[in-house]
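Student: Since the structure of chain A is provided, determine the placement of chain Z on it from the hints.
The primary structure of each chain is shown beneath.
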Amino acid sequence: MHRLAYAILVSYLLAGYGVATSKEIKPIDLSCRNCNIIFLDIDLLRADFGSVSFPGNKNTPNINTFFKNSIFFTDVMASSGVTAISNTSTLTGMDGHFTYSLLKNTFVDKPPQMPDRYLKMYMTTPTIAETLHKNGYQTINVNHGWYAGKQMLLNRGFDTYWGTGEANSVDRGPGSSIEKTASFLKQKSRDNKKFFLLLRSEDLRGVPYRYPINRSRIQDQRISYKKVDKSFVEVRYQIGENGKIKEGYSSFQMAGWMTDSQIAEYQALAKEIYSNQLSFVDEELGKVFKVLNESKLVNNSIIVLYSNHGDGLYDNKVPNHGVSYQSCVSVPVLIKHPKVDGFIAIKPTVALKDLVPTIYDMLSLSQPTGMDGSSLAPLINGQNPQSEFFYGVDKESQYIRYKNMKLIVWADRNKELYDLNLDPQEKRNIAIENPDLVYELDEKLSEHDIVGLSKAFDLIDSFHLDRVPHD
Amino acid sequence: MKYSSKWILTILIFWPFISIGQNISTIADSGEKSNFFGYEFTAKSSLTGIKSYRVIEENDSISLKLLRVDSDAKADAFIGDRLAIFKSIFEARRVDYPGQYSKVIECPKEFTPEFSSKNIDGGVLSYFVGYANKNKVAGGCTSDQLFYKQFYGLAYCKNKSTVYEIEGFFDLKNDKLTKFISNISCID
Numbered sequence: 001m002h003r004l005a006y007a008i009l010v011s012y013l014l015a016g017y018g019v020a021t022s023k024e025i026k027p028i029d030l031s032c033r034n035c036n037i038i039f040l041d042i043d044l045l046r047a048d049f050g051s052v053s054f055p056g057n058k059n060t061p062n063i064n065t066f067f068k069n070s071i072f073f074t075d076v077m078a079s080s081g082v083t084a085i086s087n088t089s090t091l092t093g094m095d096g097h098f099t100y101s102l103l104k105n106t107f108v109d110k111p112p113q114m115p116d117r118y119l120k121m122y123m124t125t126p127t128i129a130e131t132l133h134k135n136g137y138q139t140i141n142v143n144h145g146w147y148a149g150k151q152m153l154l155n156r157g158f159d160t161y162w163g164t165g166e167a168n169s170v171d172r173g174p175g176s177s178i179e180k181t182a183s184f185l186k187q188k189s190r191d192n193k194k195f196f197l198l199l200r201s202e203d204l205r206g207v208p209y210r211y212p213i214n215r216s217r218i219q220d221q222r223i224s225y226k227k228v229d230k231s232f233v234e235v236r237y238q239i240g241e242n243g244k245i246k247e248g249y250s251s252f253q254m255a256g257w258m259t260d261s262q263i264a265e266y267q268a269l270a271k272e273i274y275s276n277q278l279s280f281v282d283e284e285l286g287k288v289f290k291v292l293n294e295s296k297l298v299n300n301s302i303i304v305l306y307s308n309h310g311d312g313l314y315d316n317k318v319p320n321h322g323v324s325y326q327s328c329v330s331v332p333v334l335i336k337h338p339k340v341d342g343f344i345a346i347k348p349t350v351a352l353k354d355l356v357p358t359i360y361d362m363l364s365l366s367q368p369t370g371m372d373g374s375s376l377a378p379l380i381n382g383q384n385p386q387s388e389f390f391y392g393v394d395k396e397s398q399y400i401r402y403k404n405m406k407l408i409v410w411a412d413r414n415k416e417l418y419d420l421n422l423d424p425q426e427k428r429n430i431a432i433e434n435p436d437l438v439y440e441l442d443e444k445l446s447e448h449d450i451v452g453l454s455k456a457f458d459l460i461d462s463f464h465l466d467r468v469p470h471d
Numbered sequence: 001m002k003y004s005s006k007w008i009l010t011i012l013i014f015w016p017f018i019s020i021g022q023n024i025s026t027i028a029d030s031g032e033k034s035n036f037f038g039y040e041f042t043a044k045s046s047l048t049g050i051k052s053y054r055v056i057e058e059n060d061s062i063s064l065k066l067l068r069v070d071s072d073a074k075a076d077a078f079i080g081d082r083l084a085i086f087k088s089i090f091e092a093r094r095v096d097y098p099g100q101y102s103k104v105i106e107c108p109k110e111f112t113p114e115f116s117s118k119n120i121d122g123g124v125l126s127y128f129v130g131y132a133n134k135n136k137v138a139g140g141c142t143s144d145q146l147f148y149k150q151f152y153g154l155a156y157c158k159n160k161s162t163v164y165e166i167e168g169f170f171d172l173k174n175d176k177l178t179k180f181i182s183n184i185s186c187i188d
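In order, the protein sequences belong to chains A and Z. Throughout the first sequence, residue numbering follows our numbering, covering 1 to 471 in sequence. Throughout the second sequence, residue numbering follows our numbering, covering 1 to 188 in sequence.
It is possible that some hints are incorrect.
Stated by the list, open to error - Quick list of the computed label-pair ranges, beta carbon to beta carbon:
id: 1; chain 1: Z; residue 1: Gly-122; chain 2: A; residue 2: Pro-115; range: 23 to 29 angstroms
id: 2; chain 1: Z; residue 1: Ala-73; chain 2: A; residue 2: Lys-134; range: 31 to 37 angstroms
id: 3; chain 1: A; residue 1: Ile-239; chain 2: Z; residue 2: Thr-142; range: 52 to 58 angstroms
id: 4; chain 1: A; residue 1: Val-170; chain 2: Z; residue 2: Gly-122; range: 56 to 62 angstroms
id: 5; chain 1: Z; residue 1: Ser-182; chain 2: A; residue 2: His-464; range: 54 to 60 angstroms
id: 6; chain 1: A; residue 1: Asn-384; chain 2: Z; residue 2: Asp-70; range: 31 to 37 angstroms
id: 7; chain 1: A; residue 1: Val-170; chain 2: Z; residue 2: Lys-118; range: 40 to 46 angstroms
id: 8; chain 1: A; residue 1: Leu-119; chain 2: Z; residue 2: Val-124; range: 41 to 47 angstroms
id: 9; chain 1: A; residue 1: Asn-135; chain 2: Z; residue 2: Ser-34; range: 49 to 55 angstroms
id: 10; chain 1: Z; residue 1: Glu-40; chain 2: A; residue 2: Lys-134; range: 53 to 59 angstroms
Said to hold, decoys possible - Far from chain Z, some chain A residues (derived; all Cβ distances over 12 angstroms):
id: 11; residue: Asn-59
id: 12; residue: Val-108
id: 13; residue: Leu-119
id: 14; residue: Lys-194
id: 15; residue: Pro-208
id: 16; residue: Ile-218
id: 17; residue: Gln-221
id: 18; residue: Gln-267
id: 19; residue: Pro-368
id: 20; residue: Ala-377
id: 21; residue: Gly-382
id: 22; residue: Gln-398
id: 23; residue: Val-438
id: 24; residue: Phe-463
As the list claims (entries may be wrong) - Okay, the calculated bits of chain A under chain Z, using three or more residues with CB under 8 angstroms as the criterion:
id: 25; segment: 411–418
id: 26; segment: 444–453
Keep in mind the hints are simulated off the structure, nothing from the lab. Here a beta-carbon is modelled for each residue, glycine too, at the ideal position from N, C-alpha and C.
With the rest of the complex left out, here is chain A:
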C-alpha cells in the first residue's frame, strides 16, 4: 500500500507539472495582422463548469472539439459579477472600479439606459468595436440582453447591430442570437473583408431559462415548465420562503433563509438544470463552429469564447449572480488562434480586462491611450504576469485579489478572506485569523476605489456633463 501511495503521489506531482504552463511552451508568433476577430460571450458561463475544464465534459462536446487546440486561461478574474460593469470593462479594457464610477454617475435607472448625451464622452474610452472599425474592420454586434448593447451605448463602433431581449426589441426565442451569429458568419465568409463580430448570448440566464419545447427535459416535480409559444418553454425552479416557485432572485439577492440541506438540494438541482441548458447552448454554438470550419474562416480568425460573469448556482447561498464570489467573477477565456495548433493552458491569474489589449497586440494595433488592461501575449509566450492585484466591484461588494488570497468587502463592511489555493469555493472565511492581511488588502482596495472614482469624475467633468444623482 505504501509503495502504491508513493507511486501515486509522485505520478500526481509529475503529471501536475507536466501540464503545459506558460513557461514551458515554445514561443509562438501570435501576430495575426488582418485576422478576423470573433468574440463569443456566453453570459453566465462559469469557469469551473464543464467545458472549460478540459477535457471531456459531456455537456459541451462542440465547445470541447472546436477549442481542442487553443489557448486556455485557467484563472481569469472578471471586473464584476454583473454585466453592466464587467461587459463595459471588458470591451474597453478599462478597470472595473473606474467603469463602475463612470456608469454609476451617468446611467439612469428608469428606464435602465445610458442617455445619449454621454456618448461623446464614452467614445474617449473606445470599445474594441470602435478601435477595429477605425482600423478598417467591418463590425457586427449580435446582442442579447438589457445591460449590454445599445442600452449601455455599447453599440458604438458597430456597422451592423442586431438585438434581442432588450428594450423595445422583438423577443426571438432561445438560441436566436447564436443562430443569427451563424447566419452573419455565413454572409461574411462570402467576402474578403476583415471583420469583428461580437456575440453576447443570454441563453444561459436562468431567470427564467428559455428552453426549446421539442428538446428533452429534466423530469422533476420541482421544476415548472411554462409554455410561452409553440417553440419554447420557460423554466423556473427557484423557490421563495413560502416554498412556492418564484420568478427568480434578483442579481444580488442571497437565499440566506435557506437551511444547509435546502441549499444543498437546490444547488444540485440548479447545477443539473444549468448543465442541461448548457448542452442546449453548446448545440447552438455547434452551428457557429460548423460555419467557421466549413467556410475556412477558422484559418484567418481569432475566436474567443468567454463570459463576462459567472453564475452563483447557490454556491455561497447565491442563487443567481452579481456579487464577488468566484462563482460569479471567475470566468473562462479560450482563444482559438490560427497559429496555435496545440492546447495551451495558462495558469497565472489574469484579468478579463486584459482580453481586448491582447487582441490589439495580436493584430499589431497600437493600444488606445489610457487603457488599464495589458496584453496577455507575453504571458502566453512565457513571460511573467504583469499584474499582481486584481479587483472587482458591484453594488453589494468589492474584491481585491493578491496571488491566492482574496478579500471580499461587503457594503456593510463585513470582510471575507479566502485562500483560493486551499479553498477555491470560498467556504472558509479566514479573515479573523489574518487581521493584518485583511487590513492591508482593504486599504489597497479603498485606494483603488478612490482612484477609479477620481478618474471617472475627471472624465465626466472634462466634458462639462452632469452626474446622475442616486439615492
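Tutor: Okay, now just chain Z, sitting in the frame of chain A:
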C-alpha cells in the same frame, strides 16, 4: 519505516512547488506612532505605500485609512457612495436584512446599524454604529450574539484634502465608542 526516506526525499524535492497557502502578509510596523482621537495608532508599512494606521487596545480595535483626494466633489462622492450602499442594505425595497449570520428573517430595529452625521472640527463625520459578534462579523440581530459595537465612519477633512475612513470594533462591556466618536476631528 523503510519507505520513510523516499517520502522525505519526495517532499523535499517538491516542497518549493507545493502550494499550501502562500504567506503574503508583508505588513510590518514602521515604528511610527501617532495619536488620533485619543488612541495611539501604529503606522503600518504596507503594500500600497500610503499611510495607514491601526490600533488594538484591550478588546477594541480600530483602523484608520487616510485617503487623499483632490477635490471636494470626489470626496463627497466617495463618502456618499459608501454610505449609500451601506444604508441600502436596510431599505424596505430590498429583501429584509437578516444580518450576516443570524437566523432571524429581519433584523429588529434596535439592532439595525444606526446612521448619524455630525460636524467635527474641520469637517463632517458620517457614521454607522451597529453590532458584531465575537468574530467581528457585523450584523448581529439578537442580543445573545452581540459582543462588539461596530463603527464605520467617514469624514472629509478639507484642510488636509483627505478622507478619513475609520472602522472599529468596541467591546460592549466597556463602551469607549462614545468618547472615541467625540474625539474625531480633522485637527491634529
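Student: May I ask which of the numbered hints given earlier this structure violates, with the numbers listed in increasing order?
Tutor: The structure breaks hints 1, 3, 5, 7, 8, 22, 23; every other hint is satisfied.
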